[in-house]
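Peer 1: Residue numbers (this note's numbering), protein chains in the order written: chain F, 72 to 562; chain B, 456 to 960; chain S, 1344 to 1497; chain R, 193 to 443.
I should point out that these hints are in silico values taken from the structure, not numbers from a laboratory. All values derive from a computational prediction rather than experimental measurement. Where a beta carbon is used, it is the ideal one built from N, C-alpha and C, also for glycine. Watch out, some of these pointers could steer you wrong.
To spell it out: a stretch of chain B is covered by chain R in this simulated footprint if at least three of its residues, at any positions, have a beta carbon under 8 Å from a beta carbon of chain R; those stretches are [as the list claims (entries may be wrong)]:
(1) 468-481
(2) 519-527
(3) 590-597
(4) 634-641
Residue-level listing of the chains:
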Amino acid sequence: METVVSSKPLLATLVSLLVVGPIILSRRRPNLRESWTFLAGFIKLGIVLSMLPIILEGGVIEWTLWEILPGLALAFRVDGLGMLFALVASTLWIVTSLYSIGYMRRMKEHSQTRFFAFFAVALSATLGVAFSANLLTMYLFYEMLSLSTYPLVTHHQDREARAGGRTYLTYLLGTSVAFALPAMIYTYMKSGGSMEFVSGGFLAGSVSGGEATVLLILFVFGFAKAGVMPFHSWLPAAMVAPTPVSALLHAVAVVKVGVFCVLRVITGVFGVDFLASLGAATVIVWLASITVLAASLLALTQDNLKRRLAFSTISQLSYIVLGAAMLSESALTGSIMHIAMHAMGKITLFFCAGAIFVATGKKYVSEMDGIGWRMPFTMFAYLLGALSIIGLPPFGGAWSKWFLFLGSVETHNIYLTLVLAISSLLNIAYLLPVAVRAFYVPPGKGNTKIDLHEAPTACVIPLTLTAFGCLALFLFPEILLSLARLMGEPS
Amino acid sequence: MVDQYPAIVLLAPFFAAIAVSLLGNWKSGFCLPLTVLSLVISLMSSIALLGQVAESGEVVYLLGGWPRPYGIEFRVDPLNGLLLVVICTIALLSSIYSIRAAAVETPDKCPQFYTLYLLLVTGLLGMSMTGDAFNLYVLVEVASLTSYALIAMRSKRAVLASFNYIIMGTIGASFYLLGVGYLYMKTGSLNMVDIREVLLESGLYTSETILVAFMMIMVGVWIKMAFFPLHGWLPNAYSYAPSTASCVLAPLVTKVTVYVMIRMMFTVFGPEYVFVYLGWSDVVVWMAIVAILAGSILALAQTDLKKMLSYLIVAEVGYMVGGVWLANETALVGAIYHVISDAFMTLCLFLAAGAIITKTGKYCIKDMEGLFRKMPWTMVGFVIAALSMIGIPPTCGFFSKWYLINGGIEAGNWGYVAALLISSLINAILFFRVIEVAYFKKESTDSDKEETVSGSSGVGEPPLTMLGPLLVTAVCLLLIGIFNQEIVILIRQAVSSFGPLGFIG
Amino acid sequence: MILVDFIVSRFNYWIYIILMMMGLFAMIAKKNLIKKLIGMSIFQTAIILFFVSIGVKEGSTIPILAHEAAHDPAHQQAAPLTEKGEGHIQNGKGRDALRAEDYANPLPHVLMLTAIVVGVATLGVGLAVVQKLHQEFGSIEEPEILAKIDSDDG
Amino acid sequence: MRALGTIAVILTGALLLYASGDFPAWGEPYSPANDSRVSRHYILKSFEETSVPNMVTAVLADYRSYDTLFETVVIFTAGIAIISILRGPVDKRVRLRRASEKSLRQSNLILAQTCRLLVPVIQMFALYVIAHGHHSPGGGFQGGVIFGASLILVALSFQLQTALDRISEKRAMILAGIGVLIYSGIGLTCVLLGSNFLDYSVLSKVLPLSAIEARSYGILGVETGVAFTVTAIMFAIYANLSSHGRMKGGL
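Chain F extracted, bound-state conformation (with noise of 0.2 Å):
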């Protein structure tokens, strides 16, 4: 396996933190404010890029910035994982730029410098955890995000908003410093100082089997991003941001970066094979299919779009974590597809919900009644994001579903498989339903005239483009699969 030391990975970080200031500058021109976010973006997805190929050939970026602990370096360090997560996030934020562009003007939001330069610094720590080398760097972007991300969902600083960023950074700080922190610690001394990711784990003979399932656990709830049940109403609570928020990091970033910081902990810190041994995971195995079944029936309950989507997002989260956690390679390998799959499907869906907010200023699914026929465009795209995240061919969520079902099925546990099954059906029966009311009910006022009235123009591209991005996952997923196969070899 090759290693290349270079810089890339902490550019690729950092574009968008140096952004922050050109943005803050050019508060008074917002044309000009806004180029700088595309510049970056851009950037940001070249970088990415141009690693891709090293990473595909099966060899590794490094890049250590300094100790900053003994034997702790801040460093960054792209693999398949990574990468896979970092090409899905940078590719994202270029189109959900585009849509705030739209939907911010639209709604004539206040502090749209605040917004952007807030979006811009989430972003940095999103790549910052995806190319982190240790635990130690993991955190520190994981805390940056959570901090970051707050005055984002709190962007309407109204009553609702308080509540929902006081729900939010309860959860997230508090779950990170209590469980996560001390984890890390504990970590930290049983390993003998070391902290790196390494395939296989570096804990495989210095913990009990008492302590690692303690530790796992800890690492799990502590990453309450993964939303991993009790541990999961902070994401509900943030829905009260503006969309392009959800849409990006609370369907994209920031729920992400928690089940892709319990894949590492997973993989990189305890070693597959080394919890197989074990037996710790099965706990894990029981608290995500809970959440899994849990929040799917949950969302059929809401009847506001946005935290229907929420729930949604829960439970797909912890078919991530389940992935995980069943510990077979197939399952493995669909779990970090799903990151992927899921992101592009749950963004057109966010993307619908706001598209529909701004052009009707309607939340709820109960009022949508035959608004398809006068935002047809945004209508169909929610309907290939829904049946993209239900799991059916021909959309880039098919794939991930099957590779889970392959791996409940290798680990010889039939209630995984039902459990999967079960929740496959109830996707079906909260997310369709929206588009079938959109398309068929007709509206309950005599407003019978049809006429077509969509949202801007720059929200309707990126919806569109991300509902066929759901296609051309299912067409080309060679790339994502032999990313996330990556993972699944043996060192």
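Go by the hints and put chains B, S and R onto chain F.
Peer 2: Showing chains B, S and R alone in chain F's frame:
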């Protein structure tokens, strides 16, 4: 010149104090430049001194040229070398900050204020350098008398707080003096290193007098550092003091006293007496745990910003005492590192609080709506300090917690680890309560009217002399965190000179 | 008998402890601020008493060399530092050289000069603070002042 | 509070009593403290090393002169502290007119005349105590206090203003500052002459004295400084406390 660094560090603020008191009455314009100049000199020579110490080990400066144990000496090792730099930096930053605040809060008393201020700094510097147990008492009293006066300069409640401080402070200092007397009675010496030698040579560990001396000294310094439940004087004293005074008192006085405790435990009595012979570390660590929790919970109950910060100091003292008494190297390093980082955190918080209070005239947390909009840079400083208090990387608070928790786990004291984590969580609640209020606008309906009123009164960023030190401190928090390795290496150098902590293994 | 001896031979310590406890009690328990300060003064005096009594030597005099002794040139060259109790080496003139037993221990006196000064200074500042409190609140009773503060707040 | 006080007193008292069993007996000449290296050195060597017969003075102003410097600073601090505490910001100081000689005449004849007779004697005695600290009990602190007492006597027997006319509070503070400056200035001179702070022996480089005599004169110098400060601060404390910081009326 080179061998005079210890003297210069101390004498620069000392002579400036005399000069301010003599010239200040004639022309009060002299006060501030003299203060700043002297502190700059002091800072520079303390940095040079630290370099010297780091390179060639302990520096001994004989006052009056009398050798140990007949005269008094300064002993500077990496531990107090670091502390000197911290004291000088903080004193310098808050003196710059005081340009505006002192004029507002203590008008007509400019020369007195700066004389006291410089004497306080002199006292603290002297406390950290001296190698003589009795001399330490004298300097403690210099520092205490100046703090009493600085606190009582404001009217009303500050005066009562100052009175309580006088009573408690005198009890503390007198207990310390009595302890030194007991030590003297048994060892016949006042020099710290000499006392330890005599203790070892004459086999005095079993003596009841030495035991009582140790207890008296510990209780004395605990009162002085406001270790729960002996903290009664602190919250009122620090929260009602003029903001310039509290900016230098709050970060420094308790921390220097913690240093005194470390010095007493490791240089005078020696770890083998404290940990091996007495073996009380569990009891004290549990007291520290109670202190941490009680301080945090009491802070939670406050509505006044400065009072909340003052109770946090009580909790932080618990961190440090616990870390020192955990009796392993990691925890001790963590505690000393926390002394430094907490000094800067507290400074940053008090500078921010002072700036907010001088600009808005509001003390209560709930009155701080919309401050992010009115004074964004001040709030940036406040947020960084808050993050450090919670323990978010890469601020220094994270790393001190890192070492302390590491030490706690090493010592197998899970209660201490849990207390640190709980207090971090409480800090998160505390600070986000403030940040939330400051971030959101007023909810009441007459907000527009309020807006215009406050708009006309011109609440905006504080002047650069207040904002500058605040932001410099905030940057320091990050730098201390990022370059914690360098500091820790120095601390380890000092800790290894204490000899084996001889507890585990 | 032994017990009596024990008590009598250490009477200075009993007295200082009693005085000190009186002072401490007044400082903590008294409600009148001036009484607290009086307690503080007693407290500090007790410590001074303790220190000075350490330095006492039976049959010794004040730690000042007599005029002749000081100006005797013999002293300035002779009288090598002697160990325990053997300081009485005869010099040429047949006069006793300096003996450590003959003079009280000077160090506690020096220390207590400092402690007295500190005590005076603290007392002065304390009195000034009480005066200021009296100006502000019109009382030197702690409960009354607290009540006044409460009513100001409410 | 009462219960708390009782508990504190009982605990501390018990602790102190516990230790006192271990103490050397009263007046024991060979107790560790009395027979220590340090104490013996002071008694046996101080005259040789400083040429001051009074060991207390030698230890106070030479061996431990750094302590004494800060002791002076404590006094000085107390003076400034009291002024800064008692002078309220509201209390605009009015420039007081010079009290006429009338006030002198107005007061009680016997009192006035006794005072006139006593004050010079007290002051002479104070000067003696300061200057003779090398050979007899005395020194800057004691002399300074006596001198301060003479000023307080004036204030007591006439009016505060009468004493203030002779030495105003501002001047007293300047005097106090000068006292500390003399002390520390001597110390600084030693540094400038190439030795450590307060190492008087180096003064022999500039004075026609041997190194040991230089120590003796150095001690005299610092004692003078101490006397200035103590005198001034004693009076300033009295003036402030007796007039609630208003500098008029008084007792």
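Peer 1: For this structure, which hints from the list above don't hold up?
Peer 2: The structure breaks none of the hints.
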